[in-house]
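There are 2 protein chains.
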Amino acid sequence: MNTPVPIAGESVERCDAARNRQRLLDAAALLVAERGPDAVTMDAVAARAGVGKGTVFRRFGSRAGLMAALLDHSESAFQYACMYGPPPLGPDAEPIARLIAFGRARIELVEVQGELLRAAESSVETRHGNAPRQVSLIHLEMLLRTIGMGARSRLLAHSLLAALDPGLILYQWHELGYSLKELADNWADLTHRVVTGDSLPSTEYST
Amino acid sequence: MNTPVPIAGESVERCDAARNRQRLLDAAALLVAERGPDAVTMDAVAARAGVGKGTVFRRFGSRAGLMAALLDHSESAFQYACMYGPPPLGPDAEPIARLIAFGRARIELVEVQGELLRAAESSVETRHGNAPRQVSLIHLEMLLRTIGMGARSRLLAHSLLAALDPGLILYQWHELGYSLKELADNWADLTHRVVTGDSLPSTEYST
Numbered sequence: 004m005n006t007p008v009p010i011a012g013e014s015v016e017r018c019d020a021a022r023n024r025q026r027l028l029d030a031a032a033l034l035v036a037e038r039g040p041d042a043v044t045m046d047a048v049a050a051r052a053g054v055g056k057g058t059v060f061r062r063f064g065s066r067a068g069l070m071a072a073l074l075d076h077s078e079s080a081f082q083y084a085c086m087y088g089p090p091p092l093g094p095d096a097e098p099i100a101r102l103i104a105f106g107r108a109r110i111e112l113v114e115v116q117g118e119l120l121r122a123a124e125s126s127v128e129t130r131h132g133n134a135p136r137q138v139s140l141i142h143l144e145m146l147l148r149t150i151g152m153g154a155r156s157r158l159l160a161h162s163l164l165a166a167l168d169p170g171l172i173l174y175q176w177h178e179l180g181y182s183l184k185e186l187a188d189n190w191a192d193l194t195h196r197v198v199t200g201d202s203l204p205s206t207e208y209s210t
Numbered sequence: 004m005n006t007p008v009p010i011a012g013e014s015v016e017r018c019d020a021a022r023n024r025q026r027l028l029d030a031a032a033l034l035v036a037e038r039g040p041d042a043v044t045m046d047a048v049a050a051r052a053g054v055g056k057g058t059v060f061r062r063f064g065s066r067a068g069l070m071a072a073l074l075d076h077s078e079s080a081f082q083y084a085c086m087y088g089p090p091p092l093g094p095d096a097e098p099i100a101r102l103i104a105f106g107r108a109r110i111e112l113v114e115v116q117g118e119l120l121r122a123a124e125s126s127v128e129t130r131h132g133n134a135p136r137q138v139s140l141i142h143l144e145m146l147l148r149t150i151g152m153g154a155r156s157r158l159l160a161h162s163l164l165a166a167l168d169p170g171l172i173l174y175q176w177h178e179l180g181y182s183l184k185e186l187a188d189n190w191a192d193l194t195h196r197v198v199t200g201d202s203l204p205s206t207e208y209s210t
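In order, the protein sequences belong to chains L and C. Residue 4 is where the first sequence starts when you use our numbering, and the numbers rise one by one after that. Residue 4 is where the second sequence starts when you use our numbering, and the numbers rise one by one after that.
Any given hint might turn out to be false.
Sample of chain C residues at the chain L side, in silico, Cβ under 8 angstroms [to be verified]: (1) Leu-74; (2) His-76; (3) Ala-166; (4) Asp-168; (5) Glu-178; (6) Asp-192.
Just so you have them, the derived chain C footprint on chain L, three or more residues with Cβ under 8 angstroms [what the hints assert, rightly or not]: (7) 109-115; (8) 192-200.
It should be emphasised that the hints constitute simulated quantities derived from the structure, not laboratory data. Being a predicted model, the structure only gives us computed values, none of them experimental. The beta-carbon is built from N, C-alpha and C at its ideal position, and this holds for glycine as well.
Please work from the sequences and hints to get the whole structure.
Structure (C-alpha cells):
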C-alpha cells in the first residue's frame, strides 16, 4: 500500500515540488490513520510536516483540495499495487488469489480512510461513476475474464464491487460490529463461490 | 406486486378510511409509473383520485408524507408477496427459485419507483439500516440458510443485497444502458453461482 507511484522525466525543481507534495500527503495520511479524517486540518498537516501553513494552502488551495488529493494519492498507490505490485495483489499471483486480495485490500483501505472514501461517494450522482470505482471495475472485470467468466464478467464485477461499498463496510463494521477480518473472509468466500459456481443457463428461472 | 395487504377486524368507518387511503396511494403509484416521482404533487394525486386537495393533505400531511406512505405501501405489498404470495416469490417455490425471484422483483420495483427508493436511501446514514432493507436482509438470509449456506448466510445476504442497491440499478440502467432484463439475468447468474459454488476453506487465501 505504501509503494510510491513512480515519477519520471521531471526537472529537479519539479522533483522538489513533487517531494514536498508527497511529504504533505504523507503527513495528512498519518493524521487520518492516527486520529481520523476530522483531525486533518491545514494547521495540523503543516505542523506534522514541519512547514508553514501557507505552504499547505499554496499546494492544495483548501482543506477540500487536500482531502481530494489524499484520496487520489492513495487510489493511485492502490492501482499501482494492483497492476505492478507483488502478489497476491499484483500480476504474479493466480487470478482468483488476486481477486480475493483485491477485496481484502479494499476493506483494509476502509479501515484507514473509510470516512474519506465514504465522503467521496456520498453524492448519489458520483457514487457509482467516480474514477477510482471505474478503475476497480475494470480490474475486477479483467480478473473475472481471465478466470473464465466470459461475457458475464462486467456485470458480475459490478455486483461484486457493490459488496465492497465503503459505506456498507463502515456500516457492517461500526454499526453491526463485524470485524474487518470477518468482512474480508466473507469477501473471500463470496468471490470463491462465484468463480467456482455453476453459471445459470439463461432459460432457467427466467420468469 | 399488486397483492393487497389484508386488513382485518376494523369498523366500517376505519374500512372507509383505509379504502380512501388506498385509493390515494393507487393514484400516486400510477402517477409515478406513468410520469415519474416528480409528477406526484398533492394537486395531481387529488385530481387523479377524484377528491379535493384538502383530503390528500388531511391524509398524508405533506408531499414528503405521501411519498413515504407510497414507499411503505409498496414495501408492505412486496413483503406480503415474499411471505405469503404465489411462487416463485412465495413459500411454495424452491429456495433458490425464490432467491432469484426476489432479485428479479426488486429490479422490477426499481423500474416503477427507483427514484423513490433512491431518494429514501440517499442519506448515507439511513442507506443501509432502513427498515425495508432490514426486511430484505432477513428474507435473503433465511433463504440462504435453507439452501445450506450455514453461518455465512448473513454476510452473504449483505453482499448479495448490495448488488440490488436501487442507486446501482438506476446507474446501470440509465447511465450504462443495460436493460432491466440483463440486470435481472445477472442477478440470477450471480446467486446461482453463489449457492452452487464451493465455500472457501478459511485457511486459504487468508494473507
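A quick look at each hint next to the structure:
1. Given hint, Leu-74 of chain C at the interface with chain L, is violated; its Cβ is 16 angstroms from that chain's nearest Cβ, farther than 8 angstroms.
2. Residue-level restraint check for His-76 of chain C is violated (minimum Cβ-Cβ distance to chain L is 23 angstroms; threshold 8 angstroms).
3. Given the 8 angstroms rule on beta carbons, the hint for Ala-166 of chain C holds: about 4 angstroms separates it from the nearest Cβ of chain L.
4. Below 8 angstroms, beta-carbon pairs count as interface contacts, and Asp-168 of chain C has one with chain L at about 6 angstroms; its hint therefore holds.
5. For the restraint placing Glu-178 of chain C at the interface with chain L, the shortest Cβ-Cβ distance is roughly 6 angstroms, inside the 8 angstroms limit, so the hint holds.
6. Look at Asp-192 of chain C: its Cβ gets to within about 5 angstroms of chain L, closer than 8 angstroms, so that hint holds up.
7. Only residues whose C-beta sits within less than 8 angstroms of a C-beta in chain C count toward coverage, and the region 109-115 of chain L has 0 of them, not enough to reach three; the restraint is violated.
8. Three residues within the 8 angstroms Cβ limit are the bar, and the region 192-200 of chain L against chain C gives 8, so the coverage statement holds.
Comparing the model with each earlier hint shows violations of hints 1, 2, 7; every other hint is respected.
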